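*Asks:* Residue strings, one per chain:
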Amino acid sequence: DAGVIQSPRHEVTEMGQEVTLRCKPISGHNSLFWYRQTMMRGLELLIYFNNNVPIDDSGMPEDRFSAKMPNASFSTLKIQPSEPRDSAVYFCASSLQRGPSYEQYFGPGTRLTVT
Amino acid sequence: KQEVTQIPAALSVPEGENLVLNCSFTDSAIYNLQWFRQDPGKGLTSLLLIQSSQREQTSGRLNASLDKSSGRSTLYIAASQPGDSATYLCAVKSSGDKLTFGTGTRLAVRP
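Protein chains in written order, with the working numbering: chain A, 892 to 1006; chain B, 840 to 950.
Accuracy of the hints is not assured; some may be wrong.
Here are the simulated lysine-lysine pairs, DSS-like style, with alpha carbons at most 27 Å apart [to be verified]: (1) A:Lys915 with B:Lys881; (2) B:Lys907 with B:Lys937; (3) B:Lys937 with A:Lys969; (4) B:Lys937 with B:Lys881; (5) A:Lys969 with B:Lys881; (6) A:Lys959 with A:Lys915; (7) B:Lys881 with A:Lys959; (8) A:Lys959 with B:Lys937; (9) A:Lys915 with B:Lys907.
It is worth saying that the hints were derived from the structure and are not from the lab.
Here the structure is a predicted model, which means the values were calculated and not measured.
Can you make the complete structure from the sequences, with help from the hints?
*Replies:* See the structure below:
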């Protein structure tokens, strides 16, 4: 199993530019999660999907952030326009939801730097 | 709102020592608790998952316990090795599908 795949691994962009982060969950998993990690705030859940449907996006910081999951094997997190405070590591995780308790598997993350 | 705290924030021990990492949470109505390891610049690796009905889980030199009523979990690492050096995070699932993460314990095992 290839695990959760994220691309790019590193992204450096200028303020105001659009950034798109990509995630391929583990095959067969039906839940997908986007997290952001910073030194100040730790790991925060941004949004999660179940069966490709967004369930809770209350963690999305503002309208500049949007996420989509067009099919079971692909999701994107877009920031438009990007700002320096968006600099962080963004993780994607997936799980097989079979009840209230299940394990989440994380991708390697995308390190985003906005200058 | 669930809050998760980990103590200590950082720990440095000589190789071979047994050690305990602590995790506490404010809302005892949880579904499960998960311990992760994070190496610098890397993603999170799941170490152990304890269901709310369980008291402990073991994997190799790792043992995690859960006392749901008191809102506490401990991760015990036996015979620590330099390769155990990493940041250890605990996370609780208490409503919906969300995981709430602790602040992490940065562990350094000296050869």
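*Asks:* Evaluate each hint against the coordinates.
*Replies:* Here is how each hint holds up against the structure:
no. : hint                   : in the structure
1   : A:Lys915 with B:Lys881 : holds (17 Å)
2   : B:Lys907 with B:Lys937 : holds (18 Å)
3   : B:Lys937 with A:Lys969 : holds (21 Å)
4   : B:Lys937 with B:Lys881 : holds (21 Å)
5   : A:Lys969 with B:Lys881 : holds (22 Å)
6   : A:Lys959 with A:Lys915 : holds (12 Å)
7   : B:Lys881 with A:Lys959 : holds (24 Å)
8   : A:Lys959 with B:Lys937 : holds (18 Å)
9   : A:Lys915 with B:Lys907 : violated (34 Å)
In terms of the numbered hints stated before, the structure departs from hint 9 and from no other.
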